[in-house]
Amino acid sequence: MTQNPIPPQSAPPSEVEHIKRRSNYLRGTLTESLEELISGSISEDDNRLMKFHGSYMQDDRDLRNERHRQKLEPAYQFMLRVRAAGGIVTPEQWLVMDGIARKYANDSIRLTTRQSFQLHGILKWNMKKSIREIHDTLLTTLAACGDVNRNVMCNPNPYQSEVHSEVYQWADRISEHLSPRTAAYHEIWLDGEKVLDSQEQGKEQEPIYGPVYLPRKFKIGIAVPPSNDVDVYSQDLGLIAIYEAGRLQGFNIAVGGGMGMTHGDPKTYPQLARVIGFCSAEQIIDVAEKTVMIQRDYGDRSVRKHARFKYTIDDRGIEWFINELQERLGWKLEEARPYHFDDNGDRYGWVKGTNGKWYLTLFIQNGRIKDEDNNQLMTGLREIAKIHTGDFRLTANQNLIIGNVTNQKKAKIEQLAKNYGLTDGLHHSALKRSSMACVALPTCGLAMAEAERYFPTLLGKIETILEGAALREEEIIIRMTGCPNGCARPALGEIAFIGKAPGKYNMYLGAGFAGERLNKLYRENIGEEEILETLRPMIYRYAQERLAGEHFGDFVIRAGIIKAVQSGLDFHE
Amino acid sequence: MQLQVTNSPFNQEQVELLNRLLPVLSGSQQIWLSGYLAALNSTALPAANSPIPHAVPAAVAALSPSSQPEPSREVTVLFGSQTGNAQRLASGLSKKLEGLGFQVILSSMSDFKPNNLKKIRNLLVLVSTHGEGVPPDNALPFYEFLNSRKAPRLEGLQFSVLALGDSSYEFFCQTGKDFDRRLEELGGKRLCQRTDCDVDYDESVAEWSERVLSTLRGMMEVSAAAAVGSTLAIGNPIEAQASSLVPVDGLLVEEGYSRTNPFKAEVLENLNLNGRGSDRETRHLELSLEGSNLQYEPGDSLGIYPQNHPELVDTLIETMGWNPEDPVPVNKKGDKLPLREALLDTYEITVLTKPLLEQAVRVSSNKALRELLEPGHEQELRAYLKERDLLDLVKDFSPWEVSADNFVPLLRRIPARLYSIASSPKANPDEVHLTIRTVRYHAHGRDRYGVASVQTAERLHPGDSISVYIHPNPNFKLPPDPNIPIIMIGPGTGVAPFRAFLEERGETGAEGKTWLFFGDQHFVTDFLYQINWQRWLKDGVLTRMDVAFSRDTDKKVYVQHRMLEKSQELFQWLKAGAYVYVCGDEKHMAHDVHAALGLILEREGGMGPEEAGAYLAEMQQQKRYQRDIY
Ligand code: SRM
Ligand SMILES: Cc1cc2nc3c(=O)[nH]c(=O)nc-3n(C[C@H](O)[C@H](O)[C@H](O)COP(=O)(O)OP(=O)(O)OC[C@H]3O[C@@H](n4cnc5c(N)ncnc54)[C@H](O)[C@@H]3O)c2cc1C
Ligand SMILES: Cc1cc2nc3c(=O)[nH]c(=O)nc-3n(C[C@H](O)[C@H](O)[C@H](O)COP(=O)(O)O)c2cc1C
Ligand code: SF4
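Chains R and W supply the protein sequences, listed in that same order. To convert, take the position in the first sequence, counting from 1, and add 172; that gives our numbering. To convert, take the position in the second sequence, counting from 1, and add 35; that gives our numbering.
No lab work stands behind these hints: they were computed from the structure. It is possible that some hints are incorrect.
[Stated by the list, open to error] Derived pair list, reagent style DSS-like, types lysine-lysine, alpha-carbon separation capped at 25 Å:
1) R:K301 x W:K573
2) W:K610 x W:K658
3) R:K296 x W:K573
4) W:K590 x R:K296
5) W:K461 x R:K243
6) R:K300 x R:K542
7) R:K275 x W:K591
8) W:K590 x R:K275
9) R:K300 x W:K590
10) W:K548 x R:K243
11) W:K601 x R:K300
12) W:K591 x R:K300
13) R:K542 x R:K301
14) R:K301 x W:K591
15) R:K296 x W:K591
16) W:K601 x R:K296
17) W:K573 x R:K243
[Claimed, not checked] Among the chain W residues that face chain R by a calculated CB cut under 8 Å, a handful are:
18) L306
19) N307
20) L308
21) R311
22) Y476
23) Y564
24) I566
25) N567
26) L572
27) M580
28) V582
29) Y665
Heads up, the beta-carbon is just placed ideally off N, CA and C, and yes, glycines get one too.
Modelling step: build the complete structure from the supplied sequences, incorporating the hints.
Right under this line is the structure:
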C-alpha cells in the first residue's frame, strides 16, 4: 500500500494543497496575521489554515456595500466552531460558551447540524482569548473545520442510556484517535513554546494525516437504531450500532455518503453511504483509521469539488474500497447485521432514561440560541446551567437535550424552562419540529439566499396550508439551505429548498422519512409565491390519498409526482 | 476711488481741489501732469530723479541729510499666527504701507532675529491667542525672549498691537495684551492704543489700521510731499491709487472669492464615515470649487459660514415674542434683513460672552443679571457662560422689554468654522473634501447642536450649496523637499489633512517615507478612511501606520502610547530629519503628544527635560514640527 500522500493518477495538486504543504503543519503566518492591526482580516492563505484551527474568517454581508461607501473595510469577523464528540458538554462548559458568546461574539450561540457549537462575530484580536477560554474548559476548536476528520456525531439517545453511554465512549475514542497532532494549535493560540519541526519529521508530526492532511473534509457519525437522527447515510463513514439485550455488539459500516453539490455541475451530487459489513466494537478504531488513510492516499487533490470520499469510491467502485480496506486491515469484515430505522428526527419533551435520570429535549429553531423579547432562550439556559448537575446534549437536528436530570432537579428545571419561554415545541406544528435550516446570511460567505433568517416565515405560511388540510400533527421532514453545499442535509428532506439567488430556491421532493433515500429536484429557481402555489395542491392531495402511516416523501413518489432516487449517481437524471 | 484726508497726505482743502480736478483729466493730461511733478521734484531734489519705485527711500534719505532725529519711514510688521488670520492681515497691512511709500519689513515672529529689536523705530505687532490664553506656536520663542531677562531696553521704539482673539475664551486676546504690556515695560511708546479683536474682526481691524496709518503719516507730514511726489513719479497714479486707497476686508486687497466674499460651493457628496453602532458621527463632505478659481494646498483649511439651527431660532423669536418678519440691521452700514433670516445667517446665538452680557444688561431691568456682572462674581459668571446660549440668557433673565432691532445688534456676527482640508487638488481637481465630526451634547437640560457640524449632518444634501472660502495655513505644509520623511499624528478628525498629504505625495510620486499615527474609539466603526490608508500602505505611499483604539481594550490606549511603544524607531526618524505634524484636539491630545515627543527625546536621545524642550522649540522654529490643532 502506498504512503504517497498524492495519488499517482491525479493531476497537479490544487493551490490549497500547496498552502497546506508550505504551512509547516498548519502554522503558516497565522501568528503574524493575528498581530497585524490595520485590518481585521487575515490573508487568504492563512484563512485556509485557520479552518483547521476551527475558525473561518467571515464578514457581515448585510453591511458590505454600506461599509464600502463609508470607506471602511468589510466588517471582518471570525466564526468559531467548537467540537465535542457526540455533542455532550457539562453545565460548566455551557457557561463558558455562554460567556464567550456574550463577551466576544454576537450574543448568541449556534447549535450546528453536527452537534457542535458555533460562535459568530468574533474580532481578530479576541480570537486568542476565546480559544484560550475554550481550551481551559477542556473543549477544543482544533479540526472543527478543515481537511481532517470533523466532529464525530453520535445519537444522544435519551431513553436507552447504557447503550448510549457505551456507543458514546467509542465516538469519543474515534474522535481522539483521528485528531491532528500538530503543536501549531498550542503555539498559535495557547502561547505554547515553539516546537521546531521540518516536513521530514512528518510521520511523527501527523502519523495518520501526514504533512498535507486529507484532500477534503471527512465526516463520521454513529446512529443507534431505530433512530437515524445523525443521518448516518450522509456521512463519509457511517456507523450503525448493533446491540442485543442492551449490550453493544459492534457496528455496521457504511461508506461514501455526502450532501454537497454545485448548481449546474452534474459531476457533483449528493450520495448515500452504502453498508459494506460489520465489525466488533474493538475493531472500529482500526476501521476508521484505515478508511481515513485510504481517502488520504486516493482522494482527488487537484479538484476540490471532486475530492470528497464519495467520489473516491464512486470513481473506483465499492468493491475496490472493500478490498483496499481489508488489505490494510489485514482481516475481513463480517456480514452486515440486520437493523431498522424509524425516523431521523428528535423526540421532544421529558423522557426517563433506563438509568432513572430524566432528559428534556428542547426545540431550538435552527439551533439559534439568543434572547428575544418574547423568550429569553439564552438567559434561560444559562440559569439552568447554573443549577444543573447532569449534562447538555446537542442533537443532530440542531436541538438541545438537558440530560441526566436528577429527580430533585426536575421540577426546578421545568420551572426555569417555563419562566424563560423554553419549549419542547409540542405546541408547534409537527412540520416545524421536523425542520432544519443552515446559517446562510449574513455570515456565510457561500450563501446564495437566506435560510435560517427566512425559513421560519416560509414555514409559517406552509403551516397555514397544512392546518387547512388538517395535517398539523403530521411529521414531514423539511429543510432549507442557502446554497447547494447542503449543510442542513437538504438532500434528505421530504421537502427541501436550496438557495439559488436572493429569494429564489430550487425545490426538492421525495426523500425517505428515515433518511434512507435522497430527494429529487422538482422545481427550479422559484420564489415564495410559487413555492406555496406548488405545495398547496400536493398537500391537499396527500391529506386525501395517503395510505395509513404513509409519509409525504413516499407518497409523492407513489403518486408519481416525483421519481425515486436509488443512488446519487442518478440524482440529476 | 476718492482721495480723503485719511487715505492721502493732503489736507481737506487740497483733497477737495484734487478730487475736482483728477476725475476730469484725460489720460494724456494725467501723464503730462505726473511727468511735470516728477520733473519739479527732480530739480528740487537732485538725488531723486530715478523714475523707479525704489526712488522712495532714496528720496527720503536725501531729504534730510543733516536733520536731527527724523521720523523713520521704516516700519516693521511682526505677526504671530496659528491659523493664518494675523498673518493674512499683517501682509495686507504691509502692502498698504508700501503703497503709501513706507519701507516695510514684514516677518513672522519665528523668523525675526530678536537682537534686531534695538534697531527698530516703528513696530506693529499682530498676534493671536491660542490654547487657554497662550501664544501661537510661531510666536512662542519671540514671546519668551521678550519676557526674559535677555530682552533689551527699547527706548525710542514706537509700537502698536493688534490682538486677535475670541471673547468666548476666558483669556481674551491674552497674548496681544502681554506683548502690549511688555513692550511698554521695556520702554517703548505706543504709536496708538491696542485693539482687541473678536472673531468677527473686520470692522475693528479696519478701525485700528486707519488709526495706525494716519498716526504714522502724521509724523511724516514734513516729508510726505516728497513721498507722494515720488509715489506719483511711479508714473501711473491711477495704479498707485488702486493698490493703496481701496481698503477691502479691513486690510487685505483681495480679488475674487474670499472670506468677505465667500463662494457658494455645491455639495457633491455627504456621507457618514462611522459604521453602524458607533457613538460618533463623522461626515465626509465633498464640495465643488468649479468656476471659483479658488486654489488651495494640502495643509490649508476651508472656512464655512454655517446657518443656525432653525428650531433654536424659532424658539428664540417665540420666547421673546418678536415678529420673525421685522427688519433688523445686519451691519454697521445699516442694511436690514427680516429678523428670522438675520438670526439664521448673520448673528451668533449659540455662544454667550462677557461683552455680550455687559451690553445686554443695559437693555434689561433684571437684577440677577446685573448682580452676575458685578465685581466679585467672576466665578459664577464664568460658570454661567459655559455651555449656555442666547435662549438660556433670555429665559433666565426675563423680562425683556427690548425690540428685536435694538437687541440683535448686540450680538456677534456668526463666525465661519474652519475645517482642515482632507483632499489634494492634484488628486481631486475642482473639489475640496472635509472631515467633519458632528457635535451633539446635552447641557443644562437641553440637547445642544454644533452649528456647522449639525447643519452638515442634518441639513446639507448633495445639490445644496454652502458659503466657503480658502483659509491658507502657511504653518502646516509638507516639507519643501519630497524626499524628507514625515511623521503624521492625527487622531479623530485630526487625520483629515494627512489624507490630503498622502494624496499629494501619491500624485507627485514623492519618495520620502511616511508614518501615520491614528486613533479613535472603536476599530470596527471609527477607523476613518480605513480603506484609503490600506491602499496607500500597499502602494508604499504610506510607509507605516500605527493605530490606537481607546474603547476596544480594558485600559485606554491613545496615539501617544503607540508613539512611546515605537520610541526607538521614532527617534531614528527624527534623527533622519523627519518633519512632525500634529493635527486635531488641542485641549488634551496636542499636549499629550508634545509630552510624548519630549519623553522620546529624553529616553532615546539621552537628553534632559530642558534640552528636549529646547530641541522641540528648535524644531518648531525650523518648521520641522508643525501643528494644526483646535
Ligand atoms: C454550521 C453548519 C450548518 C448549520 O446550520 O448547523 C455549517 C456551516 C457551514 N458550512 Fe457546512 N455546515 C454544517 C454542516 C454541514 C453538513 C451536514 C453534516 O455534516 O452532517 C454538510 C453536508 C454533508 C457533507 O459534508 O457532504 C456540510 C457541507 C458543507 C460544504 C460542502 C462540502 C462538499 O462536499 O461540497 C461546505 C463548502 C466546502 O466545504 O467547500 C460547507 C461549508 C460551511 C461554511 C463553513 C461556509 C464556508 O465554507 O465558508 C458554513 C459556515 C456558515 C456560518 O456562517 O456559520 N459545508 N456542512 C454545520 C456545522 C457542522 C459542524 O458542526 O461541523
Ligand atoms: C484650524 C482648524 C481646523 C479644524 N479642522 C477641523 C476638522 O478637520 N474637522 C472637524 O470636525 N473640526 C475641525 N475644526 C473644528 C471646527 O472648526 C468647529 O469648531 C467644530 O466643527 C465645531 O463647530 P460647530 O459649529 O459644529 O459647533 P459650535 O456651534 O461651534 O459648538 C462647538 C462648541 O460646543 C462646545 N462643546 C462641544 N462639545 C461639547 C461637549 N461634549 N460638552 C460640552 N460642550 C461641548 C464647545 O464649547 C465647542 O467649542 C477645526 C478648527 C480649526 C480652528
Ligand atoms: C484651539 C484654539 C484656542 C483658542 N484660544 C483662545 C484663547 O484662549 N483666547 C482668545 O482670545 N482666543 C482664542 N482663540 C481664537 C483665536 O485667537 C482666533 O481664532 C484668531 O482669529 C486666530 O488667529 P490666527 O489665525 O492668526 O491664529 C483660540 C482659537 C483656537 C482654534
Ligand atoms: S449550505 Fe451553503 S449557505 Fe448554508 S451554511 Fe452551508 S455553505 Fe452556507
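Each hint tested on the structure:
no., hint, verdict
1, R:K301 x W:K573, "violated (30 Å)"
2, W:K610 x W:K658, "holds (15 Å)"
3, R:K296 x W:K573, "holds (21 Å)"
4, W:K590 x R:K296, "holds (18 Å)"
5, W:K461 x R:K243, "holds (20 Å)"
6, R:K300 x R:K542, "holds (24 Å)"
7, R:K275 x W:K591, "holds (18 Å)"
8, W:K590 x R:K275, "holds (16 Å)"
9, R:K300 x W:K590, "holds (18 Å)"
10, W:K548 x R:K243, "holds (24 Å)"
11, W:K601 x R:K300, "holds (24 Å)"
12, W:K591 x R:K300, "holds (20 Å)"
13, R:K542 x R:K301, "holds (22 Å)"
14, R:K301 x W:K591, "holds (18 Å)"
15, R:K296 x W:K591, "holds (18 Å)"
16, W:K601 x R:K296, "holds (22 Å)"
17, W:K573 x R:K243, "holds (16 Å)"
18, L306, "holds (6 Å)"
19, N307, "holds (7 Å)"
20, L308, "holds (6 Å)"
21, R311, "holds (7 Å)"
22, Y476, "violated (24 Å)"
23, Y564, "holds (5 Å)"
24, I566, "holds (5 Å)"
25, N567, "holds (6 Å)"
26, L572, "holds (7 Å)"
27, M580, "holds (6 Å)"
28, V582, "holds (6 Å)"
29, Y665, "violated (23 Å)"
The structure fails hints 1, 22, 29 (numbered hints given earlier, in ascending order).
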